[in-house]
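Student: Chain by chain, the residues:
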Amino acid sequence: MKDTYDIMFCGVGGQGLMLLSAILGKAAVDSGLEVMTGEQHGLSQRHGSIYVHFRVGKPISPLIPYGKADLVIAMEATEALRYVEYLRDDGVVIMSKRIMPPPSETGAVALDKEKKRKYVTVDQIVERLNAVTHKIVALDSLELATKAGNPLTENSVLVGAACACPDFPIPTEAVRKALLSLVPRKTVEANSAAFDLGRQAGGTCLG
Amino acid sequence: MTVEDVTRTDSGRALMLANEAVVRAALEADVKVVACYPGSPTSEILDTFSEVLPHFGDYRMQIAANEKVALETVAGASMAGLRSLTSMKSVGMNVASDALFSIAYTGVNAGCVCIVADDPHAHSSQSEQDGRHFAEPSYTPMIEPSTAQESYEMTKWAFEISSKYKTIVMIRTTTRVNHQRGLVKLGDLKRTPFKKNKWSEVKGQYFTVGAIARELKAKLLKKIDDIRPEFEQSKFNILEEGQGRIGVITGGVSYLHSKEAMRNLGVSLPTLKIGTVYPLPEKKIAAFLKRLDTVIVVEELTPYLELRVTAIAKDANPKIRIIGKRSGDFSEMLEYNVPIVEKALAKFLKKPLSLDYDAVTKRADQLKSILLERNPIFCPGCPHRGTLWAIRQALSRLRIRDKIVYNNDIGCYSMAMLAPNNFSDSMLSMGSSVGLSAGMEMALDDKVIAMVGDSTLYHAALPGIVNLIHHNANVTLFVLDNSITAMTGQQYNPNSPLDAGEQPARKIIMEKMFEALGSDSITVIDPYHTRDCVKPIMDALQAKGFSVVISRRECALYGDHLRRESEVPIVRSVNDKTTCRSIYNCVKEFYCPAITVDESDSKMRIQTDLCDGCLECRQVCPTSAPAHVDGTTEGPAHMSSGTPG
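For the record, the sequence lines run as chains A and B.
Using the working numbering, you'd call the opening residue of the first sequence number 1 and step up by one each time.
Using the working numbering, you'd call the opening residue of the second sequence number 208 and step up by one each time.
Read the hints as simulated data drawn from the structure, not as lab findings.
Since this is a predicted model, take the numbers as computed values, not measurements.
Among the clues, some could well be false.
[To be verified] Below, computed lysine-lysine pairings styled on BS3-like, alpha-carbon distance capped at 25 Å:
1. B:392 / B:410
2. B:491 / B:442
3. B:654 / B:751
4. A:115 / B:410
5. B:410 / B:429
6. A:118 / B:784
7. A:113 / B:810
8. B:550 / B:532
9. A:2 / B:569
10. A:58 / B:558
11. B:410 / B:373
12. B:558 / A:2
13. B:550 / A:2
When you get a sec, could you build the whole thing from the sequences and use the hints?
Tutor: Below is the structure:
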């Protein structure tokens with residue numbers, strides 16, 4: 001029996017991963033749940049691959065063991081695959097369809113004389129992830145955020161989608177409350193709308 | 208959010224980073240003087256103290272030029288009767304240790320605590336150093352927490368021990384403890400007003416040499432003997448009962464991995480968690496060993512505990528089997544996690560693993576084969592990208608690209624070792640580029656180049672620079688002046704007009720300093736005027752004797768911060784596809800993460816939301832295709848204040 005719900009946040013440095021983790025942390029604590037995280041600070045400030053191990057329930061170690069994350073939340077699509085060793089079989093992946101190619105890949109694409117080399121696509125990533133799970137929510141988070149009234153609310157879309165997971169341990173309203181208390185005051189309305197759009201999109205995908 | 212938890216006056220529970228818990232605990236212990244140099248994984252201690260300084264106003268804080276100065280600063284404050292704290296990363300203690308060994312001899316007065324954070328896996332360090340070994344040779348008590356809660360409790364206890372025995376106390380952590388967020392039970396926060404003392408009322412003798420040193424050494428040994436029984440009984444050495452005659456001795460984050468591994472295996476082995484690294488609870492360890500047939504020692508890096516357990520076992524239980532690094536079951540390399548510990552325990556307990564971790568990681572490696580590494584890289588707008596491009600151009604025009612030795616140093620610019628620059632014949636430790644250059648200049652025919660950032664310049668490069676100028680060494684030094692200590696999260700340094708908590712400070716004017724030192728080739732360039740940098744760099748490289756090139760432009764992240772504060776918009780850039788001829792200098796020679804290629808027409812495309820609008824890419828483009836979205840072609844203005852010239 002699993003008494004801990006493990007979430008692996010991942011993305012690219014500068015995408016606001018720490019805020020996302022802080023939002024869920026606050027929501028969990030306000031709901032009386034135990035939380036522990038293993039965070040990555042330091043060298044990769046922007047544009048490196050970054051992650052947060054986020055554990056709710058009865059975690060002991062700050063690091064999720066391989067193959068045991070119930071949920072991967074990826075703010076960039078290739079990063080969902082980069083941390084696939086943490087995802088458990090049939091776990092849930094919530095990912096942005098956004099791809100931010102590393103310059104080495106841009107170099108390979110640009111300098112291929114026959115123009116055959118292409119960037120990695122979301123479809124390729126989903127196909128690979130399917131070896132582990134079919135519960136994949138790939139969101140056009142930027143489009144949804146723009147629809148919500150502010151393109152900078154992509155994270156709220158992803159958090160909303162996470163709340164749509166059937167076994168997600170933190171009550172939805174606690175997450176909304178924490179989210180709205182931590183985002184800039186001017187953006188509360190757009191973030192709330194983004195959260196709802198994410199929730200709807202997540203609910204549709206996860207059935 | 209968490210800063211509010213640091214400043215709140217009531218007790219209660221809060222979700223905190225261990226580094227923040229340390230700050231909260233020190234404030235509860237009424238710390239009065241803080242001095243630190245930033246370094247991962249401790250930087251958030253400095254940052255948090257700095258952020259809450261204006262709120263409290265009842266302690267003094269300095270961002271020190273380096274860790275030795277920081278340690279001496281807090282030792283001095285303690286000698287003068289004020290409680291003090293410093294924190295540093297593992298390699299920072301190498302710099303500080305010269306003072307540490309003497310401070311141990313002389314002792315201190317008011318509580319004085321030093322956090323030393325190791326970085327197993329070298330996530331953001333140049334080596335996997337084990338700082339536990341600083342304790343015994345210097346006779347400095349050292350304790351080690353596992354969680355954010357323990358970091359909080361141990362910090363308060365460290366102040367008590369330090370005050371009681373008039374010794375500095377070290378708290379050893381590792382990255383996975385510093386950067387762990389967990390629930391912390393806070394105590395009441397009751398601060399007292401800041402008040403200076405009179406030396407006549409607090410004074411002691413703090414010198415050590417010769418006969419006095421010998422006398423102090425005897426007293427120091429007695430002091431450690433006095434601390435020993437207190438540590439022996441410490442509640443931080445936790446004995447957890449369990450079944451069987453196989454036991455575990457562990458500490459730090461390895462304790463947490465071990466406990467979870469046991470839970471996964473459905474076993475509970477007798478476990479002794481060591482909280483006092485030095486002096487060790489030897490009697491407790493001896494009693495523990497007596498009841499076992501096998502002891503498994505779980506600790507990262509060197510076999511510090513294992514060797515001492517082995518020595519204790521010689522008398523306590525010579526027949527015991529000791530499983531650890533020397534038996535080949537654990538590695539001295541990298542950090543541990545639950546699977547590593549679970550696999551080792553499963554082997555000795557003959558239990559099946561809770562999951563076939565090797566199969567999981569093997570499958571993952573196959574699935575990930577389509578991904579290229581996402582290495583850390585210079586941010587969009589980073590001035591280093593332009594500086595390094597200009598240096599490459601200068602070397603090519605002088606036809607000396609393969610007739611140089613390039614000594615790199617510690618900072619974001621360390622990444623010059625990666626493509627497309629590949630500038631790194633050496634990179635050792637803070638300021639080493641200048642020291643190495645002195646030796647290479649004597650031994651090599653080639654042009655010798657050293658490169659430091661502004662923070663590294665003042666941290667440990669200065670004596671090496673004095674040495675180069677004094678000996679008129681034929682070396683060109685590049686100082687990448689980006690106004691801030693960038694890599695650790697933009698802290699102020701002697702190159703800033705500000706200090707911790709935004710207090711005003713005196714900015715050291717570096718070109719005046721080089722001039723006063725007698726350097727007669729001093730060049731200042733702006734890397735955003737990238738093309739214009741090439742000629743002055745060529746001139747500097749050809750100058751006889753010591754020459755210095757100061758490349759001045761604030762860190763892009765810091766610049767963005769300043770722009771936000773003064774509401775100056777960031778004007779992003781766009782590539783004009785009618786001008787672009789797909790020459791790809793921007794791709795091949797620039798490696799900006801905002802630059803991608805449009806697969807439909809093979810032209811460069813700037814990801815506008817990532818772009819910082821620096822227009823360095825326009826400067827390196829033979830057709831000057833990139834321009835700001837508003838059509839302007841001038842790079843942004845300097846944002847950093849107090850920057851002359």
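Student: Now tell me, hint by hint, if it's right for this structure.
Tutor: Right, here's what the structure says about each hint:
Between residue 392 (chain B) and residue 410 (chain B), the direct Cα distance comes to roughly 37 Å. Violation of the 25 Å bound is thereby established for this hinted pair. About 12 Å separates the Cα atoms of residue 491 (chain B) and residue 442 (chain B), which keeps this hinted pair within 25 Å; it holds. Pair hint residue 654 (chain B) plus residue 751 (chain B) holds up; C-alpha atoms about 11 Å apart against a cutoff of 25 Å. In summary, the hint linking residue 115 (chain A) to residue 410 (chain B) is not supported, as the alpha carbons are separated by about 76 Å, beyond the 25 Å threshold.
A C-alpha spacing of about 22 Å is found between residue 410 (chain B) and residue 429 (chain B), which places the hinted pair at or below 25 Å, so the restraint holds. Restraint check: the Cα-Cα separation between residue 118 (chain A) and residue 784 (chain B) comes to about 20 Å, which is no more than 25 Å; the hinted pair holds. Of the supplied pair hints, the one linking residue 113 (chain A) and residue 810 (chain B) holds, its CA atoms being roughly 13 Å apart against a limit of 25 Å. Distance hint between residue 550 (chain B) and residue 532 (chain B) is fulfilled; the C-alpha atoms sit about 14 Å from each other, no more than 25 Å.
As the CA atoms of residue 2 (chain A) and residue 569 (chain B) are separated by approximately 24 Å, the hinted pair is consistent with the 25 Å bound. Only pairs whose Cα atoms come within 25 Å are accepted, and residue 58 (chain A) paired with residue 558 (chain B) is accepted, the gap being roughly 23 Å. For the hint linking residue 410 (chain B) to residue 373 (chain B), the alpha-carbon distance of about 13 Å falls within 25 Å, and the restraint holds. Taken as a hint, the residue 558 (chain B) and residue 2 (chain A) pair is honoured in the structure, with Cα atoms around 19 Å apart against an allowance of 25 Å.
With a CA separation close to 19 Å, the supplied pair residue 550 (chain B) and residue 2 (chain A) stays within the 25 Å bound.
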